[in-house]
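Chains as they are written, first to last, in UniProt numbering: chain A, 1 to 370; chain B, 1 to 370; chain C, 1 to 370; chain D, 1 to 370.
Fair warning: there could be bad hints in the mix.
Note that identical chains are pooled: a pair holds if it fits in a single copy or bridges any two copies.
[To be verified] Pairs of lysine to aspartate or glutamate, EDC-like flavour, derived with a Cα cap of 20 Å:
no.	residue 1	residue 2
1	K14	E175
2	K14	D306
3	K183	D219
4	K114	E251
5	K14	E318
6	K14	D32
7	K14	E172
8	K68	E318
9	K183	E218
10	K114	D150
No lab work stands behind these hints: they were computed from the structure.
For clarity, every value in this text was computed on a predicted model and none was experimentally measured.
4 protein chains.
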Amino acid sequence: MRTTSVGVFKIATKGPGDVSGLMSLIGSGAVDPDSILAILGKTEGNGGVNDFTREYAVAALCTALAPKLSLTPHAVEQRIAFVMSGGTEGVLSPHITVFTRQEIQQRPAGLSGKRLSIGMAQTRDFLPEELGRSAQITETAEAVKGAMADAGITDTADVHFVQIKCPLLTSERVEAAAARGSKTATTSAYSSMAYSRGASALGVAVALGEIAPDIRDEDVLRRYDLFSKVASTSSGIELMHNVVIVLGNSEGSASEFEIGHAVMSDAIDAPAVISALTSVGLGVAPQVAANRELVNIFAKAEASPDGAVRGFRHTMLEDTDISATRHARAAVGGLIAGLAGTGAVYVSGGAEHQGPAGGGPVAVIARLSG
Amino acid sequence: MRTTSVGVFKIATKGPGDVSGLMSLIGSGAVDPDSILAILGKTEGNGGVNDFTREYAVAALCTALAPKLSLTPHAVEQRIAFVMSGGTEGVLSPHITVFTRQEIQQRPAGLSGKRLSIGMAQTRDFLPEELGRSAQITETAEAVKGAMADAGITDTADVHFVQIKCPLLTSERVEAAAARGSKTATTSAYSSMAYSRGASALGVAVALGEIAPDIRDEDVLRRYDLFSKVASTSSGIELMHNVVIVLGNSEGSASEFEIGHAVMSDAIDAPAVISALTSVGLGVAPQVAANRELVNIFAKAEASPDGAVRGFRHTMLEDTDISATRHARAAVGGLIAGLAGTGAVYVSGGAEHQGPAGGGPVAVIARLSG
Amino acid sequence: MRTTSVGVFKIATKGPGDVSGLMSLIGSGAVDPDSILAILGKTEGNGGVNDFTREYAVAALCTALAPKLSLTPHAVEQRIAFVMSGGTEGVLSPHITVFTRQEIQQRPAGLSGKRLSIGMAQTRDFLPEELGRSAQITETAEAVKGAMADAGITDTADVHFVQIKCPLLTSERVEAAAARGSKTATTSAYSSMAYSRGASALGVAVALGEIAPDIRDEDVLRRYDLFSKVASTSSGIELMHNVVIVLGNSEGSASEFEIGHAVMSDAIDAPAVISALTSVGLGVAPQVAANRELVNIFAKAEASPDGAVRGFRHTMLEDTDISATRHARAAVGGLIAGLAGTGAVYVSGGAEHQGPAGGGPVAVIARLSG
Amino acid sequence: MRTTSVGVFKIATKGPGDVSGLMSLIGSGAVDPDSILAILGKTEGNGGVNDFTREYAVAALCTALAPKLSLTPHAVEQRIAFVMSGGTEGVLSPHITVFTRQEIQQRPAGLSGKRLSIGMAQTRDFLPEELGRSAQITETAEAVKGAMADAGITDTADVHFVQIKCPLLTSERVEAAAARGSKTATTSAYSSMAYSRGASALGVAVALGEIAPDIRDEDVLRRYDLFSKVASTSSGIELMHNVVIVLGNSEGSASEFEIGHAVMSDAIDAPAVISALTSVGLGVAPQVAANRELVNIFAKAEASPDGAVRGFRHTMLEDTDISATRHARAAVGGLIAGLAGTGAVYVSGGAEHQGPAGGGPVAVIARLSG
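If we strip away everything but chain A, and leave its shape as in the complex, we get (with noise of 0.2 Å):
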């Protein structure tokens, strides 16, 4: 098994297009532009079918990192993994976790037990009209082994975060689809980030054996008991395949982080954000554990599909003025948020089968010093 040092940058920024703060890591040396293997970030839209601050911002850093690379713009986006989710509501901080891996000769002597691993791998293209179905499932659930392979981990416990980026349907490719007498699960662009969402879900569920792997297609966005507890999916426009990036805790780390994970069960589930909190050494702000800081937290919110939390009822669905998934950002974040001590976290809407309806995964990386 090769070694690695996984590292992570938490940067705050001004604006989708700022990235003075990596460009100034990178000019100082603490970030090495050819370890960056994904970017996480949160911007500062809506969230949305029309939020461009998440193309922006990728475009941004693309256009940033691509002198530094000797790569055109575009070749970087096909070279780092870049995951923006869009919406701050509420105390939700703009920001983007780099997350870098470079191979090194071994572990240093006194590093004990697993540390935060990170492995990648990606999906063919698909066509319109696998999206939402089972050859999205499918194909996903390979990648997510790959991308467990990539990161050397061997043991399923041991993911406890996996971020997808996957495609969503245009009129075009619905067009593209009908064309060949196909049809797709939606014709809603809108819709079809859901099923996306929820099929590349679905693929990390069977992947990690959380799930039996016989989905079908009417399962997906219907049998919501069918879930992971790891899995974080969004959508975008701007591939056709389904890019994996999985994280966990292996043997094979010199990091100094370490990644737990919980699931919400709803979205005011207290008691699990602390659960992940605590099972990186760390507690509910303000944090007192001397060798053990918080680095950050990633999380899935929704509005809970029976339009109820915990018996009374919420209006998000309801709501034709502000999206439900905007609703469940602020809520979340703003627990989130209070629980970990600082707004900037990544807690991203649309969690269909990640965790159980209305819930969600919550995985927090703390960083081991001394």
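Guided by the hints, dock chains B, C and D onto chain A, whose structure is given.
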């Protein structure tokens, strides 16, 4: 000292016009309509200028209560203090809290300690040019003392929540002042809501000795270091005076409820919420105390005016799509609901001089059983 | 044939709960409350699922009319057809149009030509699973014929506007159907509004011979080449049947009004609006005809489903911040108000099968004087 | 007088980052990148403070044009005037209009009359406390005269549209002023956009002799009877000076275009739009003139500050869900698109002192062929 029995009934609503829950309680004899003193509600509008769910809820309640009280709907509105706070963002759940008060002969033998008491008072009508200025502050302070006396509370430390309903300016009112040669604090209806809320909160702070009484007009909405830790103020178009409702604990009360409070220093101050819960013998959800039960939490929320929470930028004040008050309610509501274990809590926006800038008061009512 | 006198009163409102204008007209004797057949209104909510201004307006009107009609408010709602269309985006101005009808002995001697007539009918209650499907289409078609007869109209060419109020699905209704083993056309409340509006409009088209009667369930919301040129349908939560109001011209009417219509082929079809105005002797504002006066315009608007208007992309369907129906009402309302010379026009959203895709019917009522 | 050839290219965009249309025209030789003087665009954001589609569009254009001009992206932004107006509500369609200018030897023999000319100038950088006040007015007036000279226009009657890009205040800028002991016109970023637009428009009015030059600071955003009939101003965060673009007709121009204008007295002033079309030989769509073709329409829209249009109440200013500028663009855009026959028109919000209160300028560019 007279002895009162105070009742608190939290009733979920199916919509702003839904009065069925209260009518059921009246029908079953659980609530005597003659004893209703105040109704505080969360309705599912946007909480802004064009939020008609508040007046719709009041109209529906007045129409329904009129025959029970042998009054016209208009007379019901004069008799009972209705405070409707619009905005059930995120996990917040629409509901009303009905406060009743009845005089009783004497305290039951076994009852010990101070118990929840409620008192009301009101100021004279204000001139438009008095709103948001010292006249409103001074008169409000007097009314707070009157409401304390009405509640049988002598020690300001026993006051845990002061809800005030205060006026706002309209074009007509601004013009009326101008016709007399007087200039109002602002000419904008929207801004006047903040001025009126702010001056009213300062009045509470003066009455309770939280700040010195020498407030200048120019301190309102500027000196945010001046604030009350228990004030919660809402402005409405339907009145020109302040209605003050004091909630506290008194030895003259024989109710089965107790109230406590804390003040959130910012929008993610989880320890303050926990402290408020603890002050009445409760803890973080799920509740385990066998003899104590959460009834409701009353809190004010706002986007911190400096654009950041603990050093991290928030985007609430720059969002042209969602008003900052909606963002703030969603986030603080998510945190409080998580710690309380329910979204049926009263979180209201617009916290000028109610708690420190970006923070706000949080009060908890618990029912003691056995 | 009986002879009727039909009155049309357009009344501006100061808010959704404002009934003062109608009460004044009743007080002055201008409107006989017993003669009120239908009230169509534009209220200032968002026009979506959580637009409570519609039910608030109806509640306020029913409460105010109850003593005038010696009925309970509930009985008033059963007797008069209330159609409230939410959404006064842009220059649209909140108002109600009150239609009255009285039988009279005979037409005045000098009166010539067909004049405005109104007729009503309603279907049986639908099962949730019938909404948006052929049952709703067929029953609606029958009701349209009944309403024509009630209006004294025999020639379908004399029908110029058919307003329908139709049900929508709620979670409870979807579950009720599921409990019986039946699947509804959609499980989303928001989508069900479109299904119900669409099927109702197809019912009008069938009744008037605009399309062949053999509509299949799968044609609803798909075969947009099937449409009525005079249907205007609105869904509401408060009923489970369709209420049909037919407006047309009849020799049996002695009213001083005339109605005409045209169909907008897209959202910017100015010539169609002008044609509708011309059809009743009016022109583009400012009006010059001495003996003809615009009373109101009734139109339906929608974002063209193909995402473009005359080859240019629109962004209404991708906007996560503002619903497409709000966009469409604002734009079409702006055009019609410009040509009519007033924003107090009835432009309603959601034009599925009401006019061609992206377009919609536009009807004009003029008052003839002298 | 020098002779110039001015080109106008309207190019539809598929998104704020889409530069493919312009790149095609450059690739085919239709547009010489060196000749590009200004690019005015409509982007599909919300047009408010957090509308990042504007800066994204500029960044994308600068990045794409940089290699064509052998400049850095930053230098491109300094060289070409980019004015991006956010908000394509309703039927408005995202597009850019590229203005080119080249000096030529002499006018073609057969060319008669004045033709479209374009000129530019800019002010010095402003201090934050100068925005929205007389300094900005005076400096802008000077720059307008400079831009007229640059356009070869001597008669103010030949000026038909003056587009200005002006700064806004940020928290940093407000604080910088405060640190120097200076108070800005407002502390709100959103409000400062209006102040800056208003003062800039007053500068145009002064330069063109539309109003007397003695404007006081307190007249800005108050004396709405003071306005320019041709000013169109947009504020942006990226600059601290005003950029002035004058569009008019000049005998020194050999272009195939002509420009004219009218002023809408309110948001539903259809005759003004028709008058602007007529002034360049066009009519209401569909166009029939064989030798004249509509290129684009440039207009400003706003919600009338008194809350009514021709006596009927509008609800734009009280809507907490949708900003008034979005409402106004949607409505005026609908009217203009209807009369023009296309939604690809430039309708921009925020018309303070640009046309009368509630109205705004409307300019039309036509191409003359043959």
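Hints versus structure:
1. K14 x E175: between (39 Å within a copy, 17 Å between copies)
2. K14 x D306: between (37 Å within a copy, 14 Å between copies)
3. K183 x D219: both (17 Å within a copy, 15 Å between copies)
4. K114 x E251: Within one copy only: 4 Å inside a chain, 59 Å across chains, cut-off 20 Å.
5. K14 x E318: between (33 Å within a copy, 12 Å between copies)
6. K14 x D32: Neither way: K14 and D32 sit 22 Å apart in one copy and 35 Å across, limit 20 Å.
7. K14 x E172: between (34 Å within a copy, 12 Å between copies)
8. K68 x E318: Neither: 47 Å inside a copy, 33 Å across copies.
9. K183 x E218: both (14 Å within a copy, 14 Å between copies)
10. K114 x D150: Cα proximity of K114 and D150: one copy only (16 Å, versus 64 Å across).
Hint compliance for this structure: hints 6, 8 are not met, and every other hint is.
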